[in-house]
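Protein chains in written order, with our numbering: chain A, 1 to 161; chain B, 1 to 262; chain C, 1 to 792.
Warning: the hint list may mix true and false statements.
What the hints assert, rightly or not - Below 30 angstroms or equal to it, Euclidean Cα-Cα: the simulated DSSO-like pairs (lysine-lysine) are:
| id | chain 1 | residue 1 | chain 2 | residue 2 |
| --- | --- | --- | --- | --- |
| 1 | C | Lys564 | C | Lys594 |
| 2 | A | Lys73 | B | Lys167 |
| 3 | A | Lys55 | A | Lys120 |
| 4 | C | Lys453 | B | Lys251 |
| 5 | B | Lys38 | C | Lys60 |
| 6 | C | Lys12 | C | Lys125 |
| 7 | A | Lys73 | C | Lys12 |
| 8 | B | Lys38 | C | Lys453 |
| 9 | B | Lys167 | C | Lys455 |
| 10 | B | Lys251 | B | Lys167 |
As the list claims (entries may be wrong) - Label-pair distances were calculated between CB atoms; the ranges are:
| id | chain 1 | residue 1 | chain 2 | residue 2 | range |
| --- | --- | --- | --- | --- | --- |
| 11 | B | Ala138 | C | Ala151 | 56 to 64 angstroms |
| 12 | C | Glu139 | B | Ala138 | 55 to 63 angstroms |
| 13 | A | Gly32 | C | Asp567 | 21 to 29 angstroms |
Unchecked claim - Just so you have them, the derived chain A footprint on chain C, three or more residues with Cβ under 8 angstroms:
| id | segment |
| --- | --- |
| 14 | 48 to 56 |
| 15 | 284 to 291 |
| 16 | 315 to 325 |
| 17 | 362 to 370 |
| 18 | 722 to 733 |
Source of the hints: derived by calculation from the structure; they are not laboratory data. Glycine included, every Cβ here is placed at the ideal spot set by N, Cα and C.
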Amino acid sequence: MTKVTMTVNGKTVSREVEGRTLLSSFLREGLGLTGTHVGCDTSQCGACVVHVDGKAVKSCSTFAADVDGATVKTIEGMNNPDGSLSVVQQAFQDHHGLQCGFCTPGMVMSSAALLAENPKPTEAEIRHYLEGNICRCTGYHNIVKAVLAASGQDAAALAAE
Amino acid sequence: MHNFDFVKPSTIADAVKALSAEGAQALSGGQTLTPTMKQRLAAPATLVSLTGIAEMKGVCMGADGLSIGAATTHATVAKEAAAHYPALAALAGGIGDPAVRNRGTIGGSLANNDPAACYPAGTLGSGATIVTNRRKIAADDYFQGMFTTALEEGEIITGVTFPVPQKAAYVKFNQPASRFALTAVFVAKFADGVRVAVTGASNDGVFRWTEAEKALSANFAASSVAGLTVSPDGMIGDLHGTPAYRANLVKVLTKRAVEAAH
Amino acid sequence: MPKDHGIGASSKRREDVRFLSGRGYYTDDSALAGQTYAVMVRSNVAHGRIKSINTANAAKMPGVLAIFTGEDFKDVGGNPAGWLINSRDGTPMREPKRPVLAHGKVRHVGDAYAAVIAETYNQAKDAAQQLADDSEIEELPAIVDMKKAVADASNRVHDEIPDNLCFDWGWIEDNRAAVNAAFEKAPHITTLELVNNRLVPNAMEPRSSIGEYYPGTGDYKLTTTSQNPHLTRLLVGAFVLGIPENKLTVVAPDVGGGFGSKIYHYGEEAVVLAAAKKLARPVRWTAERTESFLSDAHGRDHVTRIELASTKDGEILAIRTETLANVGAYLSNFSTATPTFLHGTLMAGPYKVPHVYVNVKTVFTNTAPVDAYRGAGRPEATFSLERIIDKMCRELNLDPFEVRRKNLIQPDQFPYTTPVGLVYDTGNYQATLDKLIDLADVAGFDKRAAASKAKGKLRGMGLSTWIEACGIAPSNLVGVLGSRVGLYDAATVRVNATGTISVMTGAHSHGQGHETVFAQVVAEKLGIAESQIEIVHGDTSKIPFGMGSYGSRSLAVCGSAMSKAVDKIIAKGKKIAAHMLEASENDIVFADGKFSVAGTDKAKTFGEIAFSAYVPHNYPLETLEPGLEETAFYDPANFTYPAGAYLCEVEVDPETGKVDIASFTCADDFGNVMNPMIVEGQVHGGVGQGIGQALLENTTYDENGQLLTASYMDYAMPRADDVPFYTVDHSCITPCTHNPLGVKGCGEAGAIGSPPAVVNAVIDALHRGGMTHVKHIDMPVSPSRVWQAING
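Just chain A, with the same shape it has in the complex (with noise of 0.2 angstroms):
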């Protein structure tokens, strides 16, 4: 067992743990952070995607012990300090970004990683990005829309319904 230490969502947390233990499962069963969600075992759908020191990194494919005094976020940090929906957050309800949920936390950290990098991406650039989170719901249309209108693009406009 090996003692790690992380600042999660503003917090600081030590616990005690294999070699073996990823960083999805450290969220999930040691934190009880089970926004994070695991979807596949090969680090393609994305479903587990964090933040680790600001960067979109698979929860899944990581050992806790590998970022050991790391800075992480999860979904259940991005909400805004009263409790309401974040930007991106917002924009995936406002245009039914989301259907069952699943892909859904791994699906707004991406694009928050995305956003922070290029505040104002092109369709192609959003469709890119968002190669490595896999969603079985809703065709990829209104979350490309929300992530368009989360940058304050004319979303309607670029995706005529």
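Given the structure of chain A, go ahead and fit chains B and C onto it with the hints provided.
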């Protein structure tokens, strides 16, 4: 997966020492190794993470070319190599997806030498030099077939130095599921000739298409490859494409890489 | 102005707030005191005889609490098929027992033959590996190819079924001679052999089940990823383990997509319940993605020969099909209904076809069970039909738009009885086709094709005019046809004393947004705010009964039950109001949330009536019970028949064979629309899956029955950059004539209508590019297949 001891040294010397232990294996981002371990296809006793070693990170332009630390992530290369070697930066920016690029490293990719990975094509196509804790290995000597390299027991890649060509491009045709290369071609035009490296196509892993190199060295134009043929012998045949299909892609993508080179 | 609340408004989804905040509650999110972990031991051969399973070593490993094998369940019931199909000769289908854990033989890669329960997941996993190593399974030749399976009687998936045939079904058998006669004298016959590719549903949430047992009361609880918890309770309780329904609660909390694969009862649910009883501790199991690939019910997998008889100017005279349908190793719950009554009855499409005959032979193979997947039988029918009409148009050099227009049922012909047993109540197929031609700017195609050509691409367009029968019904008819369940649904509307409302519905939402839409309907009908209404679903202890959500039935069937229950509330409210307002009940009108005496300003609000029902001081107690809660069951009189027209434009790269979807346009008639935003989202999702089937997704077993596409590394899921923005429209409305809301189903539409549009577009592009030798390409129309077709 089976349990293991996790160590994260901060110097190359400590890493080499840790890797000398029985059953120790290097982890350099883990975007391939972790899924493999989940399937219990790899079960190291000790996992030695190389991503905490500062001297193995970074992108730096020098007299020999562009040097990239082995523990540098694809995302960092995509960003920091862009001004010096745009084709290589674009290659790095097209590996996996953004989250994978934030963890995966050039050293990890080259040590694994997946036959459908991108970096082997960029490295062989550039005629780069792989630097290890023991020696320097020319790319032409380094890649020795699918998942096989010149690395010896206990030897770790510490960096890679890329000569920067006059023009280059990497054109990748995605395997639709994994988004690895179904086939991809890296073309680099140097003052003394053209190199063409192909990944994803051959059962022997990354290879140089020497006929195309010769033709393009004489005349760097897409039309130069028009008359060439690629044999399907030895090409990979799987669900996503037959050997003949991959042979076709080698030619089509080479042509497109020449057109895209800048 | 679009409406901002109630029916027809694009109300934002209330469930989104928890999903977007990471506070959804899916099965695997629970953490229970004393919980234990189950891991299944699965066959790594497709077909084998279990010689021995030595549990001794595994049982001694750290943390191991219990081990189950097929032997432990050999005396309990099998997981039954929900629909009895009779063969053409009148004999009933062959129904091999589907055990909880494989016993005697393993029949597909991934067939679970043992389960290990341990204190931790890793301990269970380690012991499962040991148990696999200590099991002797004699490998038998795998039966994978359907044609070979039927031809070779010596090699059997089930020892008692000699030709691996479940049934040989004819629809309608009595019409066969007339259909053959029509072909005899037909001026033109078009023939096509095609494959409807096997798909893995791939809900993003893997299946997961948690069993609990309370020794003090003998009660069980199963929390599971289900689209219909009541059916699961019936199957795992009454049929398999013999647990009475009143001792078993089944809860399906937030469920991360289903698409059919979570309709069914699976053996893991029985294992966790039996193990929970044995250990008196919670037992949890969650599939890894590869387990999902190996053990979830797959979809489609038909091999079809279709023939179409027509005049030289494209009037359809008769259709005849022969299909081999793969059911896999065992009969999943609705696997026998899918290739028959959900497929054969749709083979006339939206067309006036005098003669249709459908033959389906359903075959056992050493592959995962195959059952309903989004669309279920109707995509298979639509694909066959729309592809062969396209082929006929090419053979006769006819315009595909005009040929369809000529053959479509006319608006004045409804109700229309088809030769395959359905009565379409209403529709206007010309209207959706006209709408499509306009929306997709068919007139501008040549210009776009020229632009594509300048880029070295071939552009093509493909049309599909589709219809489906959904909201399956009525129970007495489906009973005659072999269904072993009723297909009604139920709802309870509970008005609380303060006027807030809890609606308990038998529908289950796993992405469809029922919590929002059902509240809109109730709010509209009662004239109160949506925020006062709570929709409760997915818990057998709270809901009267339900058949769950699949087959685009939620609103049409469950919503109708809810609507009826609301009507009962209003009727009772009128009685209360009449008493309070000292008026005749017949003079009370209810509108805008108020009960008033007609022609006067005397009125009571809905809230006042509710309060009076629970504080019945001024109340007709001698004739009316207090309280305001009503339950309704609704059994639909007919299917609903949504229909539409889809157009896909593709660009094909002739050098690589890669197909890009340039545009996709849908004009649908879903009847009345309750929430346009959600309806559009359903169409987007369905089209996304249809594009996946058409271009990307393939489930491939090798000749030994090994699944080659058992992870996302090889099974190509549509990603954001594989699809475009879609143009969708639902403004052509012919309301359903027989349900109270006038609604039709919309959940499966996209997946039904889109695959043929995509493939037709690819063939069109190749023909326009001069490659007229390409008559058909099987799905998925992958780059290598297109390149092969071009160069073949």
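How the hints compare with the structure:
1. Restraint check: the Cα-Cα separation between Lys564/C and Lys594/C comes to about 19 angstroms, which is no more than 30 angstroms; the hinted pair holds.
2. Proposed proximity of Lys73/A and Lys167/B is contradicted: the alpha carbons are some 41 angstroms apart, above 30 angstroms.
3. The hinted pair formed by Lys55/A and Lys120/A meets the criterion: a straight-line CA distance of about 18 angstroms does not exceed 30 angstroms.
4. With a CA separation close to 21 angstroms, the supplied pair Lys453/C and Lys251/B stays within the 30 angstroms bound.
5. Restraint check for Lys38/B and Lys60/C: the C-alpha separation of about 24 angstroms stays at or below 30 angstroms, so the hint holds.
6. With a CA separation close to 43 angstroms, the supplied pair Lys12/C and Lys125/C exceeds the 30 angstroms bound.
7. Restraint check for Lys73/A and Lys12/C: the C-alpha separation of about 26 angstroms stays at or below 30 angstroms, so the hint holds.
8. This hinted pair does not check out: Lys38/B and Lys453/C have alpha carbons roughly 47 angstroms apart, beyond 30 angstroms.
9. For a cut-off of 30 angstroms, the pair hint linking Lys167/B to Lys455/C stands: about 23 angstroms separates their Cα positions.
10. Taking the CA atoms of Lys251/B and Lys167/B, the gap is about 19 angstroms. The hint holds against a cut of 30 angstroms.
11. Checked against the hint of 56 to 64 angstroms, the C-beta distance between Ala138/B and Ala151/C comes to roughly 58 angstroms, which is consistent with it.
12. The supplied range of 55 to 63 angstroms is broken by Glu139/C and Ala138/B, whose beta-carbon atoms lie about 47 angstroms from each other.
13. At roughly 44 angstroms, the beta carbons of Gly32/A and Asp567/C sit outside the given window of 21 to 29 angstroms.
14. Given a C-beta distance limit of less than 8 angstroms, the hint that chain A covers the segment 48 to 56 of chain C is violated, as 0 residues qualify and 3 are needed.
15. Counting residues of the segment 284 to 291 of chain C whose beta carbon lies closer than 8 angstroms to any beta carbon of chain A gives 3, which meets the minimum of three for the stated coverage.
16. For the segment 315 to 325 of chain C, the proposed coverage by chain A is not satisfied: 0 residues have a C-beta within less than 8 angstroms of a C-beta in that chain, short of the threshold of three.
17. Given as covered by chain A, the segment 362 to 370 of chain C fails the check, having 0 residues with a CB less than 8 angstroms from a CB of that chain where 3 are the minimum.
18. Closer than 8 angstroms: that is the beta-carbon criterion, and the segment 722 to 733 of chain C has 5 residues meeting it against chain A, so the requirement of 3 holds.
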